[in-house]
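A.B. asks: Note that the protein sequences, when read in sequence, are chains P and F. Each residue of the first sequence is one higher than the one before, starting from 1 at the first, in this note's numbering. Each residue of the second sequence is one higher than the one before, starting from 1001 at the first, in this note's numbering.
Since the hints were derived computationally from the structure, they do not count as laboratory data. Nothing here was measured: the structure is a model prediction, and the numbers come from that model. Check each hint, because a few of them may be wrong.
[To be verified] Simulated pairs of lysine-lysine, DSS-like, Cα-Cα distance not exceeding 25 Å:
| id | chain 1 | residue 1 | chain 2 | residue 2 |
| --- | --- | --- | --- | --- |
| 1 | P | 15 | P | 217 |
| 2 | P | 291 | F | 1088 |
| 3 | F | 1095 | P | 308 |
| 4 | F | 1135 | P | 308 |
| 5 | P | 70 | P | 217 |
[Said to hold, decoys possible] Here are some chain F residues pointing at chain P (derived, C-beta under 10 Å):
| id | residue |
| --- | --- |
| 6 | 1093 |
| 7 | 1103 |
| 8 | 1115 |
| 9 | 1125 |
Where a beta carbon is used, it is the ideal one built from N, C-alpha and C, also for glycine.
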Amino acid sequence: MNFLAMRMLVGDRLKYLSLVAGLAFAALLVTQQASIFCGYALRTGSWIHDERCCDLWVMDDQADFTEANKDILDTALDRVRGVSGVLWAVPMYKGYLKCRLPDGTALSARVIGVDDATLIGAPARMVEGRTDGLRRDRAVFINADQAGDGLLLKRANPPRPLRVGDSIAINDNEAIVAGAYRATPEFFWDPVFYTTFSRALAMAPSERRTTTYVLVKVRPGSSISEVAGRIGRIPGLKAVTGDQFAAMTMDYVLKKTGILVNFGITIGLGFLIGVLVSGQTLYTFMLDNMKHFATLKAMGAGNLAIIKMVGLQAAWVGGIGYGIGVGGAAFTGFVFSKIGVAFEMPWQIPVIGAVAILLCCVAAAIFSLVRVLRLDPAVVFKG
Amino acid sequence: MTSTIQEYQSVIPHPPELAVHCRGVTKSYGAGAAKVTALRGIDLDVRTGELLMLVGPSGCGKTTLISCIAGILDQDEGRCSVFGHDFKLMPQREKTRLRGRTVGFVFQAFNLLPTLSAAENVAVPLLIHQIPRAKAIAKAREILDRVGLGARHGAMPSELSGGQQQRVAIARALVHDPKIIVCDEPTSALDHETGHQIMEMLRSVAMRSGRSLVIVTHDARIFEFADRIAQMDDGTVQRVVDSAEELNN
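Put together the whole structure using the sequences plus the hints.
C.D. replies: Okay, structure coming up:
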């Protein structure tokens, strides 16, 4: 019967291809959109994961994501340093400041100030210049990938990327580009300038609370979670690991922006279209073969055999369609990665895609089977 | 399952010389004002090894009767046993299984699966009964040889003429060696000469080893092939005659 099922299925090439194409389209939409969603979601934590130097991030207890700009008092640094289990703690400033490029282009940039003495928190992957170049007078580092994009000197003739040696103004304070680094692409798009903590404070508007984060290294042998708990008992502060901070940021972005809803709608529509297209095609295929199923039933094929036939047909087109769809999604991911589109396909996405396609096929097969199983074999004599 | 069949055999009294034994068979479709009575107390016997034709005007109940005989419709009342088995009394699964083994079908529109070759179409009843594919195809080619289509075993139905397709359908009805073959207008889609050839083939090839044939037909040109002809009208068997001449009197 498997042979009959397969020959009935692949014999009509057009319908077979329509079925496979419908399911492949559904699998492509579901896995590709989910992968892009996943890529963007994971990018929300890129900056945190690039800063691998510390065990804990200490911040205002109301801070809920990396761009929250809820600063803490500078006295917090000494209080954290006094907590049992802390090996070292350094301050970090992060804020959005007005910036003007050499050609006069004005923009808003993220200025990150790292500890003057140790430069802990400075970019790890320098592509031009050295990390200690940050100690030079008025020095800032730029992201090499943003130099020709967010930091493009559009008004220059001809336009050119910002480069090492250029002079820029941050909040009307002169700064010199002393190096360029490479970072993992981020969800947030504003250009980033790294400088020292004291220089960042000098550039930023005067405020009482000047420290955004305190980066903490836990003493060997101490429990990170216990140290975090002790820091968290200081009023107004909380301490989280990098992974927790990244998860907080992702959670905030997904909840506060339309990204989750939009991707959810796209993925849902992809699934729905897949169900409708493949369901309708499979249903039409079954209707077209109703006379043949009746003939098989008249000749002694029981309902179980018919269920197996339809199940095999649905599983076959589902498997092929899924393979093509996921393969297509992986290929588009490869192409997307070349042009900077976020694309991340962890193993869970193909599994979710498989479940979605399985549901498509099961739904389509059930709709079709209802008609086939109710089919009266006596119709074989109706011409 | 065998014991179940034997149980039915013991329940239904069935003269051994008869393939089909119907008494008081009635069948209606619909209900209330829309109720249509197709069979009104049919009494009919089909002898073992006999070719019986069911003739009569459209709507007289011929197709309903062979559907009851073949076990694909249940009569409302009366008894219709085929080699001792009344399909109506059987559970659905057993009925399907027994029908598959006992009855062969030849349809007016051939009902060949368009995506299967001639040999594969013929092999379908064997495949339904779990016979391995290679063995089923070999047997199918053997039967196709018998109906003169051995050389066209790989042809698709669309590549065959109407007469050839009907020969494939006959081979399919024979391949699992059923005890009875029911044919619904087997020649109506064919020209006279081809229809004649098909009937000759049914007589020569199908009616071996005591197999019975029940043929529903409008085609008076093939009456000569019948051992007996049952004339039906308005859901009843009017008379059963031995020849076309007798039918015309």
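A.B. asks: Each of the hints needs a verdict: does it hold here or not?
C.D. replies: Verification of the supplied hints:
no.	hint	verdict
1	P:15 <-> P:217	violated (63 Å)
2	P:291 <-> F:1088	holds (23 Å)
3	F:1095 <-> P:308	holds (19 Å)
4	F:1135 <-> P:308	holds (22 Å)
5	P:70 <-> P:217	holds (22 Å)
6	1093	holds (6 Å)
7	1103	holds (8 Å)
8	1115	holds (2 Å)
9	1125	holds (5 Å)
Checked against the numbered hints above, the structure violates only hint 1.
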